[in-house]
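Could you put together the complete structure from these sequences and hints?
Those protein sequences? They're chains A and B, same order as listed.
Residue numbers for the first sequence follow our numbering, beginning at 1 and rising by one.
Residue numbers for the second sequence follow our numbering, beginning at 1 and rising by one.
It is worth saying that the hints were derived from the structure and are not from the lab.
None of the hints are false.
Heads up, incomplete: computed chain A residues facing chain B, CB under 10 Å, no partners named:
no.	residue
1	Q6
2	I9
3	Y32
4	Q38
5	G41
6	Q42
7	L44
8	Q45
9	L46
10	F90
11	A92
12	S102
13	F103
Using N, Cα and C, we set each Cβ at its ideal position, and we do this for glycine too.
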Amino acid sequence: AQSVTQPDIHITVSEGASLELRCNYSYGATPYLFWYVQSPGQGLQLLLKYFSGDTLVQGIKGFEAEFKRSQSSFNLRKPSVHWSDAAEYFCAVVPDNDYKLSFGAGTTVTVRA
Amino acid sequence: NAGVTQTPKFQVLKTGQSMTLQCAQDMNHEYMSWYRQDPGMGLRLIHYSVGAGITDQGEVPNGYNVSRSTTEDFPLRLLSAAPSQTSVYFCASSSIAGGQDTQYFGPGTRLTVL
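The structure is reproduced here in C-alpha cells:
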C-alpha cells in the first residue's frame, strides 16, 4: 500500500540547535510533497511544498526541505530552532495520478531552553 | 477574511446521538474536505467536495454524511455517534480541486462520544 512515513514520533531539541525531520513515501512516481505545522490547539499551516524543479525548497519561518528521488524522501530542516517552533509537524503527499492528500503520522517537536 | 471557520470548538455526545459539524470558508474555494485527527495516525480524509453539489468519499467515510449546497459551506453530519468517532475534526479548503494546492485548515472541532 502507498504510504507516508515519519519515523520519528517525538524529537527534543535545544533552542538554537539544528532540526531535521524525516519523511519517506512509497508512491511510484514523483508525488506532490508538503510539510504542514500544527501549533498546540490550532489548525494546520503550510510550511512549504514541492511540485517540481529545484529539489531544495524554502518555506516560511526559516524552514527548508530537500527532495531526494533516489531515497523517496522529503526531509525538513531548520538551522537554528526557536522556542516557538515547538509544534507537531506533518509530511503530506499527493500522488501524481490522484489528488487526495495523505498525511504521515506526525512528529512532535519539543524545544528546551 | 475569516478564512475557514468551524463550529463548535468542542462537543460531547452520547452514543447514538446525531449532530452536524459546521464548516464555512470565505475565500471562494471550490475544493473543501473533512479530516479526522487521531493520535499516531495523522489526518485521514473523511469526505471531500470539488464544488457545490458534488461530494465524494475519502479514506474513512463510514458513519458520516456531507452535502455541499453552496460554495461557502460544507457541513459534516454524524448520523449515530459512536465512541470510535471521538476525534478532532478539521475542515480544509483550497482554490483548486484536490490536495495539490495549499490547503487552508480551520481551527478544528474536538468531539468526544461517551
